[in-house]
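Using the sequences plus the hints, can you model the full thing?
Protein chains in written order, with the working numbering: chain A, 709 to 994; chain B, 13 to 376.
These are computed hints drawn from the structure, not numbers from a lab. Using N, Cα and C, we set each Cβ at its ideal position, and we do this for glycine too. There could be a bad hint or two in this list.
Residues from chain B that keep clear of chain A, each with C-beta distances beyond 10 Å, as calculated [said to hold, decoys possible]: (1) A44; (2) S54; (3) G167; (4) L180; (5) V186; (6) R218; (7) P241; (8) W369.
Residues on chain B that point at chain A, a partial pick, calculated with CB under 10 Å [to be verified]: (9) A226; (10) R231; (11) A235; (12) V240.
The residues making up each chain are set out below.
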Amino acid sequence: MTESLTELPSPAVDRSGAPLEVRNLEVGYSRLSEVLRGLSISVPRGGVVTLLGPNGSGKTTVMRAIMGLLALHDGEIRRGQVLLDGADVTGIDSGSMVRRGVALVPEGRQVFATLTVEENLRSGAHTQLRSFGRVGRGEVADTFDSVLDRFPLLADRRRQQAGYLSGGEQQMLAIGRALMARPRLLLLDEPSLGLAPKIVEHIRDVIVDVNTEGTSVLLVEQNAALALGIADYGYVLESGRVVLDGPAAKLLANDDIREFYLGMSAGERTNYRAVKHYRRRKRWLS
Amino acid sequence: MTTSGLIAETYRQELALRRGRAAHAGTLVVVALAVLWPLLLSARWQTAGVFALIAAIAAMGLHITTGLAGQVSLGHAAFVAIGVYSAVWMGVDQGWAWWIWLPASGLAAAVVGLFVGPFALRLRGLYLAVVTVALLSVTQYVWGVWPDLTGGFNGRSAQRWDVRGHSLFSELDVFGIITLNGNQLFWFVCLAILTVMAIGARNLQRTRPGRGWAAIRDRDLAAAVAGVPITQAKVSAFVVGAFFGGIAGALLAAFQSYVVPEQFGLDLSVRYIAIIVIGGLGSVAGVIVGSFFVTILPLIITSLTGLLPFISERPSTSGGFTVDLASAFVYGLAIVLVLVFEPRGLMGLWERFRDVWRTWPWSR
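Next comes the structure, spelled out in structure tokens:
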């Protein structure tokens with residue numbers, strides 16, 4: 709089924725010690741619908757990996773499954789494994805995942821509307837204090853300052869209620885909150901959704917920045933141009949399966965990706981008749 | 013006192029139990045009121061006052077489960093009933109001392125809460141409420157088929173509360189200064205317990221688990237992502253809430269001296285919800301204000317029966333309003349008004365008034 713474009717792993721990234729590996733994951737909701745059907749992905753140390761795919765292909769579900777949030781949505785992992793640094797963390801609760809250094813920026817931002825920007829950010833350090841055998845208040849304060857440095861807009865609005873921020877600011881806040889947990893692996897679910905291009909650019913820069921400082925990133929995006937622009941490696945999901953994967957540069961050059969995700973087809977505008985019947989024309993489905 | 017007097021400027025102020033001189037004065041007024049209530053008012057108001065205190069302890073539990081952690085529970089009366097019958101069993105049937113049955117009935121309710129809690133993991137809002145109603149029906153059924161414990165439909169007499177051979181219902185001479193009757197004694201005992209538990213609840217709100225509850229109530233997904241242990245938090249919200257309910261039940265058993273299973277039905281649960289909604293969801297002081305409002309209201313209406321037409325003290329065959337019916341209408345109305353105009357309840361109303369007062373003439 710999977711048509712892999714990989715010949716060699718991209719050179720900058722060490723794929724052997726993948727901190728996150730998802731193997732043959734099958735996930736369903738409410739005992740009925742099956743959303744992921746044997747999905748395998750891996751995020752290498754220090755890499756940026758992106759998941760692309762149309763609505764309903766299971767991108768968000770992958771994030772929930774990794775993070776241990778399925779119970780909140782009445783879903784369950786039926787088969788397969790999630791490995792973090794080689795240890796089996798399948799179905800572990802989200803609190804332990806955060807403590808193991810994984811942070812998620814959830815879809816739709818999910819900030820605490822009645823709390824201030826500062827309080828929201830500090831809530832991200834919930835697992836960081838010494839009672840969990842982690843770090844002291846001083847280090848939390850350092851992280852806090854570094855997050856405000858990254859998002860000067862948030863520094864200006866530090867005492868404002870998060871509910872009154874604009875969508876872009878809320879998204880920055882959600883990312884900042886995740887960074888407060890000092891993650892080794894950052895999961896981002898649609899960070900660019902519904903935002904102005906300028907803000908999308910800023911957020912992209914932050915992701916690149918965080919990544920260069922050593923955090924691995926798993927990015928779910930609809931905006932394929934953005935995602936493939938910063939990712940080393942990409943997976944294309946459809947109906948809960950990986951239908952195509954490869955280094956980002958190769959995916960960018962792939963005709964199908966260009967046509968169906970980037971809206972370009974050999975220099976001419978996409979023919980809508982063709983789009984309507986795109987399923988038939990996708991090579992990987994044949 | 014902060015410069016503005018209203019807004020905490022440092023986290024130290026935010027964490028202080030009481031802010032500023034006015035708050036200290038306010039505390040004194042409340043203490044004075046609490047001491048004078050049973051000494052100045054008639055027996056009828058004394059009794060109602062004790063019931064209000066007990067209701068406040070019970071509602072404090074619901075405040076933790078529902079107001080703080082956001083887990084809607086319509087079964088809180090079941091925890092109270094468990095407290096009642098554990099206390100009766102231990103205090104009367106086994107003849108154990110009060111310092112055993114009082115905490116133990118709280119624990120008994122907490123254990124049941126431990127089994128209800130897990131339902132909250134998969135169910136939210138209305139669905140969870142339905143499950144808690146089921147808990148209520150199950151316990152009601154158990155009381156019905158267990159007449160040895162509960163006296164069945166007819167009820168049974170509950171325990172006497174003896175401290176070192178002195179019954180709490182008999183008069184007590186306090187250092188030769190004043191003689192307290194049973195109601196007054198009970199008032200002070202319940203007041204002490206309520207004070208301890210209210211301060212406990214207030215402080216609990218500001219601990220790590222307490223903040224976790226609030227996070228789950230506001231956005232459970234965000235709480236989970238921040239690393240709040242959802243399972244533990246939801247279950248513990250039920251356990252702690254049930255503990256408060258159980259303690260209130262034990263006090264109720266001791267004060268009522270006769271308990272009927274029918275008392276602890278959906279009516280009582282709804283009354284607790286009315287208390288926390290009218291008082292203001294999420295505020296400990298609001299719970300106390302709310303429970304006095306709801307408990308004292310029938311008395312106020314009774315004393316007004318002479319003035320108001322339509323309302324009679326006893327049910328009459330010719331129809332018309334009874335006091336119970338009238339007070340049900342009034343607090344129903346109060347809930348609607350609160351939800352529409354001041355979702356923070358009576359406490360919110362008071363805070364608004366206070367803020368206007370403090371910042372006058374800059375406020376409008």
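Structure versus earlier hints, numbers of those that do not hold, lowest first: 7
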